[in-house]
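**Student:** With the hints as extra help, turn the sequences into a complete structure.
Protein chains in written order, with my numbering: chain S, 1 to 281; chain R, 1 to 791.
Hints are computed from structural coordinates only; laboratory data are not their basis. Note that beta-carbon positions come from the ideal geometry of N, C-alpha and C, so glycine has one too. Incorrect hints may have been included.
Short, incomplete list of chain S residues facing chain R, as computed with Cβ under 8 Å [what the hints assert, rightly or not]: (1) Cys19; (2) Asp21; (3) Gly30; (4) Val35; (5) Pro60; (6) Phe62; (7) Phe143; (8) Leu178; (9) Thr203; (10) Ala248; (11) Pro249; (12) Arg251.
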Amino acid sequence: MKKIFIYGYLVINLIFSSCTDVVDVDVPYGGPRLVIEASLDWEKGTTGNEQTIKLSKMTPYFDDYSIDIVQGASVKVINDNNNSVVQFMDQNNGSYTTSDFVPVVGQSYTLEVAYNDETYIAKETLTPVVDIAKVDQSTENGFDKNVIEVNIYFFDPVDEENYYLTKFQERKDLLPTLYDISDEFINGNEMLVFFEKFNNEDTGEQELLPGDIVDIELYGISKTYYNYIRLLIEQNGDVGNPFSSVPAPLRGNCTNPDNPDNFAWGYFRLTQVDRTTYIVE
Amino acid sequence: MKKLFFLIPVFFSFFLSAQDRYTVNGIIKDAENGETVFGASVYFKNTTIGLLTNEYGFYSLTVPKGNYTLIISYMGYDEIVKEILIDKDQKFDFELIESATELNEVIVVAEESERVNIKTPQMSVAKLNIGTIKKMPVVFGEIDILKSIQLLPGVTNNGEGSSGFNVRGGAVDQNLVLLDEAIIYNSSHLFGFFSVFNADAIKDVKLYKGSIPPRFGGRVSSVLDVRQKDGNSKRYALTGGIGTISSRLAIEGPLFKEKGSFLVAGRGSYMHLFLKLSEELKDNAVYFYDLNLKSNYELDENNRLYLSGYFGRDVLKFGTSFSNSYGNSSGNLRWNHIFNDKIFSNLSLIYSKYDYQLEINVVQLDWISDIINYNLKYDLKYYINDKFNLDFGLSGIYYNFHPGVIKPTSETSPINFFELDEKRAFEGGVYINAEHKITNRFNLQYGLRLSVFSRLGGEPLTIYENDQPVVYNEILGIYESGTIIGQENYDLGESMKTFNNFEPRLSLSYQFSENSSIKASYAKIAQYIHLLSNTTNVTPLDVWTPSGVYVEPQQSDQFAIGYFKDFKKSPLNLSIEAYYKTIDNRIDYIDGANLIGNNNIETVILNGESRAYGLEFLLQKNTGKFTGMLAYTLSRSEQRTLGGNAGGPGINNGDWYNSAYDRTHDFSITGAYNFTEKWTFSTNLVFQTGRPVTYPNGQYEYEGMTIASYDERNANRLPAYHRLDLSAIFTPNRKPNNRWKGEFVFGIYNVYNRKNAASITFGQNRETGENEATRTAIFGIVPSVTYNFKF
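**Tutor:** Set out below in structure tokens:
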């Protein structure tokens, strides 16, 4: 919804000789807070046993490297039902991996990270997802009728409260495109999500062309994660938008029960994901 | 309550001694076009008896029998002097003639009339003459009342491209904006680029920043009272202008053989036509238009009827993908009635509507939302004698809110039909106010407004567990929606919740020399409807919400004290005011609050308090070849939002934080110089501390992207805002006999092309992967040419 306003605003911008410039600004530094990217995604059609958790620390905003890797932490995931523990092994590069994870739909799990004499705990439940029903391309679905967009379709179950994360990445691009979806207005209907790119001389963005390869993912997510990722997407995509909400800290679910102020950024998510790849014609 | 009892004996004592006093009353008009003159000084020479005419040009003075010299004076007009013998009640109407000598000579405004401004206890008010506003240089040459009031001390806005204005550190929804008494909900076109007021249709603008009289209620920070022209009752006239962005045309003339008049004014923008030249943009449109109507009829010398209307619209279209339109419309029928020479009354019946529509074809969605109100007001003023006036009246407003209907535009649309609950409310007020001259030096104004607000049924009330619509989650350290446990149904007309408030208003002035005085005031005001906005700038998606079970009314207390001086030797006047304002129940939003399409906004808000205080300094020169003003405000506006019923520390850990409109320094100079008969030059120079913003305090990686971490709300500031504008008005021929009068206005806005930041946002460059701060500036240097004409 907010994206619409960016486009409308851009139109006004063009008329009123307003402009955007990259500027130098001094910003404060909040310290090397721990970041836990624990995304345990179970790809449909696989066992989901192999999973990776990434640990890092927050760095000053304009520093060249955004990752300050964390080594020597202890990372484990516990199945709350049978208390089985899966230990993630330190690969000494910030990643902690395992091939023993057992995903169960609807099961709740607990993450425990021990680092620097602090313990971080997170709890989540594995959310299932429907299949991507169809993938195709068109030009008339998007905002610009002259460029190609890739469309995915899926059917939202009517009896549940569902939340989704879609991820599109064109292989040549540096960054993915994420969309957060709630079934509040679309419950029970066939949903269409399209991924469109525009030609923009200033940013170097190029439209989708035949031969381009797009990796697509549809995740089933929990309501708490939906609130988290919605805010993250809004805050990180709203460049130059004066209608953006007041920025807020992205509190995830990684808490530090003994020292609450020293919580971790990031999120412990458990999802089922449907992956596919599409080649633009 | 006690105040009312005190008034009764005072009232009678004056009544008893009224027997050898007589009343002179009448209406003051402009000789050229028959417009009533608001704020003309009417006084008896060598006495301390005098007043200013009201919005309808009416005055009434009661004096002991005798010979008097009556003087009528008003800025820019020749003074009228009349010797009269007062031995019975009399009616004298006057017509003021515009001064021909305005350019070359310093007009000496008679001392007594200046003193009326020094004497009156009314403070914190600015009355802007439309002629003065028309001389100020503006962006694109578009005369804009809202931009002009921002040059006054204590008035700012949230940056170019943001709607509305802020008074004394108050929010945009805390200003009562009235157009001929009808409430205007969104005072800007195109996200704040222009105001909804067409200067050709406007006669007077009065802004109350504090010391708000009891006849106004419902908004805690200010009242912007805008009055339309009545229309030329002497002859037909055409006024208009052709500008870079928009053009205007106004037609006015007499009706009913000069017993009435009408005015029809229209304005429309056409810059979207330039978009058609671009291949890429030709399917887009951005435009606005408005229409102002007014007519009046004088039934007899004691009765006059007015009919006013306003209709405005903004349209934004992006190809066939989306279109957005919104606007205000209002209609107002008024009846002035003069009872027995001393009582002036006005009855108004008003209808006002603000609506917006958003159509997004890519998801086949149509969203419509509106707010409608019906208002009845009855205001009376009893001019008892030269020492005591009483005004009183009542007002009732019925509100109907439709926060949003979301409709699918076709059968294959993924959107389901959804309607946010329709809300209804009634707001009533009754007031009484006395203007009391205690001694020649000491004047007092005291009054009381009693307001009541009832949130009416016809919608279900959501019930939450533990009566907590929003709840603090201790584990995650965030605020979340409370758990819904049921619903209670209320019928139409049944009250869900009622509030009432006593709002005392007091101001006093003490004149300690001929030309200087000190004033102080206190006002308590309640506000029952609120504009919900979680964005840094007000957008058309922001929704007005009435108070109710989960939303408390805002309540403000404002204290102000000031020093006022008119310099005798030079035509300068000075005012210095200090204010302190606290507002209880100021809503703020939890982190990440999503207001769009939210039927239960009580789940994302917390109740806080705000306070603002400052020092305002204003120096004005109103007459002579060079006129202008210098304004400086030093102020602070902050907010604290504790967890309250929801638990937890609140926003920003329960500490005070800058409100979004906090501007430490606000300095402006505006001036106009009549160089020759044909040329007038004017300039604005503005300097303001940057607005508070929330900056990132670090970065980390997630999902392959660099994420910004944000910390304290509003703890940082944008760079300082400053700019210089220049304009030149060229009037080619000034032969007074020429029916057609035209002038060219050449303007340059932001002469040194400073890119003032409207916002600075942070993000990762999608091509290079580096973090960047992007500044959006709305206006660089903008030259413009406008041709204005009068026929």
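**Student:** Go through the hint on Phe143 of chain S and say holds or violated, using the shortest Cβ distance to chain R against 8 Å.
**Tutor:** 5 Å, holds
**Student:** For the hint on Phe62 of chain S, does the least C-beta distance to chain R fall short of 8 Å?
**Tutor:** 6 Å, holds
**Student:** Measuring from the C-beta of Pro60 of chain S to each C-beta in chain R, is the shortest one below 8 Å?
**Tutor:** 6 Å, holds
**Student:** Holds or violated: is the Cβ of Asp21 of chain S closer than 8 Å to a Cβ in chain R?
**Tutor:** 5 Å, holds
**Student:** Close enough to count: is the Cβ of Thr203 of chain S nearer than 8 Å to one in chain R?
**Tutor:** Thr203 of chain S check passes; min Cβ-Cβ to chain R is 6 Å, inside 8 Å.
**Student:** Take the shortest C-beta to C-beta distance between Leu178 of chain S and chain R; is it under 8 Å?
**Tutor:** Where the cut-off is 8 Å and the nearest Cβ of chain R is about 7 Å from Leu178 of chain S, the hint holds.
**Student:** Does Ala248 of chain S pass the interface hint, meaning its C-beta sits closer than 8 Å to a C-beta of chain R?
**Tutor:** 3 Å, holds
**Student:** Does Val35 of chain S hold up as a contact with chain R if the rule is Cβ-Cβ below 8 Å?
**Tutor:** Hint on Val35 of chain S: holds, closest Cβ of chain R at ~4 Å, below 8 Å.
**Student:** Does the closest beta carbon of chain R sit nearer than 8 Å to the beta carbon of Cys19 of chain S?
**Tutor:** This hint holds: Cys19 of chain S lies near chain R, its Cβ roughly 6 Å from the closest one there, short of 8 Å.
**Student:** Verify the interface restraint on Gly30 of chain S: the C-beta must sit less than 8 Å from at least one C-beta of chain R.
**Tutor:** 4 Å, holds
**Student:** Tell me if the interface restraint on Pro249 of chain S is satisfied: Cβ within less than 8 Å of some Cβ in chain R.
**Tutor:** Since chain R brings a Cβ to about 6 Å from Pro249 of chain S, closer than 8 Å, the hint holds.
**Student:** May I ask you to test the interface hint for Arg251 of chain S with respect to chain R, counting a Cβ-Cβ separation under 8 Å as satisfied?
**Tutor:** 5 Å, holds
Hint violations for this structure: none, all hints satisfied.
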